[in-house]
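Chemist: Chains as they are written, first to last, in the numbering used here: chain A, 220 to 508; chain B, 158 to 549.
FYI, nobody ran anything at the bench for these hints, they're computed from the structure.
There is no bait here: all hints are sound.
Result set (SDA-like, lysine to any residue): computed pairs, CA atoms no more than 20 angstroms apart in a straight line: (1) Lys-545/B <-> Ala-205/B; (2) Lys-335/A <-> Tyr-170/B; (3) Lys-337/B <-> Ile-304/B; (4) Lys-314/B <-> Arg-495/A; (5) Lys-316/B <-> Leu-418/A; (6) Lys-362/A <-> Ser-444/A; (7) Lys-285/B <-> Phe-411/A; (8) Lys-334/A <-> Tyr-170/B; (9) Lys-335/A <-> Gly-199/B; (10) Lys-285/B <-> Asn-408/A; (11) Lys-287/B <-> Asn-408/A.
One-letter residues, chain by chain:
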Amino acid sequence: MNTNTVNSKKAIAQLTIVRIIVYIILAILTILCLFSFYMLIINSTRSNGELQGGFTLIPSTHFIQNLVNAWNDSSINIPRGMLNSFLIAALSAICATYFSALTAYGIHAYNFRGKKFAYWFILAIMVIPSQVAASGFVQICYKFGLTNNYLMLILPGIASPVVFFYMKQYMEAVLPMEIVEAARVDGSNEFFTFNRVILPMLKPALAVQLIFTFVASWNNYFLPSLLLTKSELKTVPIMIAQLRSADYSKFDMGKVYMFILLAILPVVIVYLILNRNIIKGVTSGSVKG
Amino acid sequence: MARVILKDIKKIYPMSGDQKKKKAKGKKTEHKTGNLQITDKGVVAVQAFNLDIADKEFIVLVGPSGCGKSTTLRMIAGLEDISEGDLYIDDELMNGVAPKDRDIAMVFQNYALYPHMSVYDNMAFSLKLKHMDKKEIDVKVREAAEILGITEYLDRKPKALSGGQRQRVAIGRAIVRNPKVFLMDEPLSNLDAKLRNQMRAEILKLRQKINTTFIYVTHDQTEAMTLGDRIVIMKDGYIQQIGTPQQVFDHPANLFVAGFIGSPQMNMMDGRLIKKDGKYAVELPGTTVVLSEEKQARLAANDVAEQEVIVGVRPEHVILTDSGYRGTVEVSELMGSSMHVHLTDVHGKDMVVILNDKKDFDKFTTGAQIDLTFTPDVVHVFDRTTQKNLEW
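Chain A with its partners taken away, still in its complex shape:
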């Protein structure tokens, strides 16, 4: 056996060990991610009594019972709550993504005085905690009688510096100015260029941000709980909190887990719809790579 063969065998062995370690880490991370979902599904099949009894990995038989209990609970209206949440989350996601992309495009494609300042000012907003900004916002809403109004939960989402930053970075990576210029020469006005040429090129980034903003808004408890007081306007997170804080005689953990399971279904559906666009690289082939 010559030295080369020994070296190559050593290298293969080392590579195999590294791969095994990597796969073990990935497997642990995957289990950690999926474990909470698994537990949610298991717990939604268990009765309140069984849940009080402690932790188990084996499903029980109370799935339908929990579903019926949650659906028929008089203190909450699940279909209404899900519709409310969906309306707010979908509109917030659309507004935040579209207007952030538009802002990012403005900063990316145009040269104007104060451009750098505008960019850094928007980014600086990221460091302000949303709770700090919300305190003033809630006061204004109460002063002007704007509580119980969905617009107050949708419109603030338009100013989303995180989405703006993501879109700006994505544009820098994939959007050559020649395409914008080609559209200008072709006779397209600036707004038409953005809507018909630029937005389709940003599909993967838009899909990612739509999912993120949809999920963030769907799970948002803080602002809706402060601004929505009418029961018919309440969203899913408020209703879940309501179920959890029910008095001892009505408290049913099985019902709570079932509602949480139902609550994540729309998010899963939205993810499955947009997932295709994330993977699809629509921009390939537009310019010389």
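Fit chain B to the known structure of chain A by using the hints.
Modeler: Relative to the frame of chain A, chain B by itself:
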């Protein structure tokens, strides 16, 4: 079809924040950084640009990177503001007019196709924006596709096409509009050498078919020579020479043009311009060449005195002789029908000689000494200080 006039065009890019800070600190700002001049107003990318482009003329702007050729083209397109000067298309002042209202079409270096649209939609995009009838759009797109040989790809997306096919689509997108002026910004520089030659011929054919005014930007002197009715050679934002390909090749205005046009580039030798029996001659170590009558007349008309000069001779105009300007062979490149011999002359400068006679090919091994001379009508004489051609 249109006449394009550029009058005293100047482009200044305003100073960046850092440059302004330097200025505020009292540092001198009127200087040259790299190629371009920097003044108090900013970086001067193009200046004193005067050009009258005739209707249906094919003009090529050529020069090295950063010379201002693309900036000039973009000013014509309306994609850059004109800092000073006037631009006329068909006698209409175009300075403040938006690109879409200039009736121009442009082909970009990296195609700039809309990736989410099919080839057909890419080509039809501008016509749809004009609210043209669908049937008319279809006729125009198919006609253009036929000219460019891309009919079979009309339903494909750009990513499913090769580089050459994409560039054809980009050209197709421009020709469907039947524009007054056709602008092309280095359209072939992303293609490989073989495809570039093929597309060059296609552009020539296309020009005959669509017969409009072309303004073409390239850094490739071969493209400039083969495509242009006239060539505009630029350097550091200034026009160096305007002329037909033959004019700029035969009578370069200065040392830069002489070196830029022609491949391999012109040989430059240190020599002396003398008057011998009342006639101008160039004196080089080992040989003296009395210039042709035509050159005599031009130099006399300029009242050129005896002086140290740079003598320029193209590699294809060098003649082998028994005793003359001596060089030592460094390497030889066999090109098939000819041989390029790289030499070092007596002053240690590099020279290239092109030999076409196959009988000579074996003689030039590394280290061999050869003697050269030059025919009187192809020797160029440049001022050592100004680098201008003394015949001009």
